[in-house]
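Asks: As a plain string of letters, each chain reads:
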Amino acid sequence: MMLNVDLAGIPMKTPVMTASGTFGFGPEYADFVDLNRLGAIVVKGTTLKPRPGNDGRRIAETPAGMLNAIGLENPGVDEFLAHTLPKLQGIDTPVIVNISGNTVEEYGELAARLDVSGVAGIEINISCPNVKEGGIAFGTSCASAAAVVKAVKGNTAKPVITKLSPNVTDIAEMARAVEAAGTDAISLINTLLGMAIDIHSWRPVLGNVVGGLSGPAVKPVAVRMVWQVARAVRCPVIGMGGIMTARDAVEFLLAGASAVAVGTANFVNPRAGVEVAEGIRDYLAEKGLTHVRQLIGRVNDFTGR
Amino acid sequence: MSKTVSMALVRDQKTIGPLVKLLTLEAPEIAKNARPGQFVHLRVNDGPAPLLRRPLSLAGADAGQGTLTLIYRIVGQGTALLARLKTGDRVDCMGPLGAGFDLDCERPLLVGGGMGLAPLLYLAGALCPRPVAVLMGGRSQEELFWQGLFAEACRHIHITTDDGSLGRRGVTLDLLPELLAGGEFDRVAACGPRLMLEGAGRLAARHKIACQVSLEDYMACGVGACLSCTCAGADGRRRKVCADGPVFWAGEVFAL
Ligand SMILES: Cc1cc2nc3c(=O)[nH]c(=O)nc-3n(C[C@H](O)[C@H](O)[C@H](O)COP(=O)(O)OP(=O)(O)OC[C@H]3O[C@@H](n4cnc5c(N)ncnc54)[C@H](O)[C@@H]3O)c2cc1C
Ligand SMILES: Cc1cc2nc3c(=O)[nH]c(=O)nc-3n(C[C@H](O)[C@H](O)[C@H](O)COP(=O)(O)O)c2cc1C
Chain G
758 MMLNVDLAGI PMKTPVMTAS GTFGFGPEYA DFVDLNRLGA IVVKGTTLKP RPGNDGRRIA
818 ETPAGMLNAI GLENPGVDEF LAHTLPKLQG IDTPVIVNIS GNTVEEYGEL AARLDVSGVA
878 GIEINISCPN VKEGGIAFGT SCASAAAVVK AVKGNTAKPV ITKLSPNVTD IAEMARAVEA
938 AGTDAISLIN TLLGMAIDIH SWRPVLGNVV GGLSGPAVKP VAVRMVWQVA RAVRCPVIGM
998 GGIMTARDAV EFLLAGASAV AVGTANFVNP RAGVEVAEGI RDYLAEKGLT HVRQLIGRVN
1058 DFTGR
Chain W
0 MSKTVSMALV RDQKTIGPLV KLLTLEAPEI AKNARPGQFV HLRVNDGPAP LLRRPLSLAG
60 ADAGQGTLTL IYRIVGQGTA LLARLKTGDR VDCMGPLGAG FDLDCERPLL VGGGMGLAPL
120 LYLAGALCPR PVAVLMGGRS QEELFWQGLF AEACRHIHIT TDDGSLGRRG VTLDLLPELL
180 AGGEFDRVAA CGPRLMLEGA GRLAARHKIA CQVSLEDYMA CGVGACLSCT CAGADGRRRK
240 VCADGPVFWA GEVFAL
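Residue numbers (my numbering), protein chains in the order written: chain G, 758 to 1062; chain W, 0 to 255.
These are calculated hints, taken from the structure and not from any lab test. It is possible that part of the hints are untrue.
To be clear about the criterion: a stretch of chain G counts as covered by chain W if any three or more of its residues have a C-beta under 8 Å from a C-beta of chain W, and this derived list gives those stretches [unchecked claim]:
hint: 1; segment: 772 to 781
hint: 2; segment: 784 to 793
hint: 3; segment: 818 to 825
hint: 4; segment: 1021 to 1027
Partial pick of chain G residues on the chain W-facing surface, computed with a CB cut under 8 Å [unchecked claim]:
hint: 5; residue: Pro973
hint: 6; residue: Met1001
hint: 7; residue: Arg1004
Since the model is a prediction, treat every value here as computed from it, not as a measurement. We put the CB at the ideal spot given by N, CA and C, even for glycine.
Starting from the given sequences, assemble the full structure and let the hints guide the process.
Replies: What follows is the structure, encoded as structure tokens:
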């Protein structure tokens, strides 16, 4: 009762979703956590054609975080629709599909293909740092980001979330551009571009040379960006980046997020999505509050911005 | 539920070789469901650094006692933290994860190099009293404390060392052709460096002996969600080392 939110038309039992690429399609974690108790499941980035992902080593641990360069390995939208989506039907939790295209047209086609029952919403990934074409290329220019959003909106009746890259100079400007193009919600942050070097071999640790940084190390950057975006747009914002506990999540809510996602935390604690929600409820009770919406955007920043 | 996260109780931890530890944990749920070849994913601390869990193969599991045996080498920060665990401590343990070895064989030969012998020890125990032979390789004599560990379950122990300080000088693949030529085995199960696994798979195929290999890769989630540890199968389809493996039929992952 205290935690339910309506996110751009997607009804969620809790404001805590799982972040794309960190929770598989959901069933991978079913032994450890009751999938019905999550706010929403955002599945792995899906592309038109199957992708094998990047060669070489794909992850490296870093101080309080990790770098990944998976390269959007996924079985493709046909396989997703034929085999994966039916398996998710028994779960009473909205399934949001994260999509990635090489061209604007591909984003539109993916949205059309996924405009089917069982899909609660679309999250546009224009922020993947690990693929050569598409991905982040769309996420660092306002004009191309807007073009992708329009192509997706024009091809689906589902709520559309646009996921922003933190690898830009002015995140508020990007947020305003995708809102003007019609996105129903904005999620952020995707991973921060990073690199690690093996000092024995003098080679990059990751096969892809660079990769995306996630985990607790990125949290302050993510909170700052969510705060900037929440002030720049009217649409709901989903905050993520380094959330491990309910306290982390509350920071994002105070900064202006209407919902949050847990990503890397799932690898450490498979129950993170549920425990963060339970912790938010306890926090509300402790503060004498009755609903999570009483936290959203309530940071007293005194800046007048 | 077959896989769980539990706060395992440390029964005992001791040093059994150079930088090598044997850790006995009490985790009844995991012990009950475990099979040889599976692994557990351990948190090495409570805080955010190091962040990720560490995968360790089960070197044994006793459903009756509710205990797990892990054997690991201290190679970095995570394993150094694990090495500090003392009797009575608790450790966050997730498992059993992955797919284990097939046990449907009569005369198996286990082939292990270095820490790859850990899962084979569990396998040897599970296959006993069938006649189990093991071929073990190490750098030098002091690494082959494994000999004592395998003695109970294995009828024949063959040894190679890089420096010749124990057994045959060379690597496991130098001795394997001879052992297979004898025609006494109907299964090879191997764990160790990738080149060894591929070589063992090829030699076994040449003798028409079914071969299983246990792969290792960097992994984050351990359950098939993050796709850090996938590899191309011989048929072109992708395989997840953590969830589809770590144990595979050699022909699934190597072009033999
Ligand atoms: C399924 C599986 C089962 C394993 N079973 C055992 C076991 O029974 N006993 C044992 O001693 N070790 C085992 N390992 C390896 C063990 O997980 C690593 O040694 C450990 O995670 C290293 O952590 P660290 O923080 O101490 O070292 P780090 O500081 O993370 O690394 C130290 C060194 O080890 C290398 N390394 C670390 N992790 C891996 C990996 N996953 N694959 C290859 N190289 C790696 C690093 O490149 C580096 O050179 C297993 C690995 C996997 C994937
Ligand atoms: C292994 C891994 C894979 C990811 N894959 C995707 C993906 O396919 N699509 C996407 O939009 N974001 C992907 N992300 C980014 C996360 O969804 C999230 O935005 C980011 O990791 C920050 O949150 P965190 O610090 O809680 O992990 C991935 C992150 C990780 C660690």
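Asks: Taking the hints in turn, state whether each one holds.
Replies: Status of each hint after checking the structure:
| no. | hint | in the structure |
| --- | --- | --- |
| 1 | 772 to 781 | holds (count 4) |
| 2 | 784 to 793 | holds (count 4) |
| 3 | 818 to 825 | holds (count 6) |
| 4 | 1021 to 1027 | holds (count 6) |
| 5 | Pro973 | 4 Å, holds |
| 6 | Met1001 | 7 Å, holds |
| 7 | Arg1004 | 13 Å, violated |
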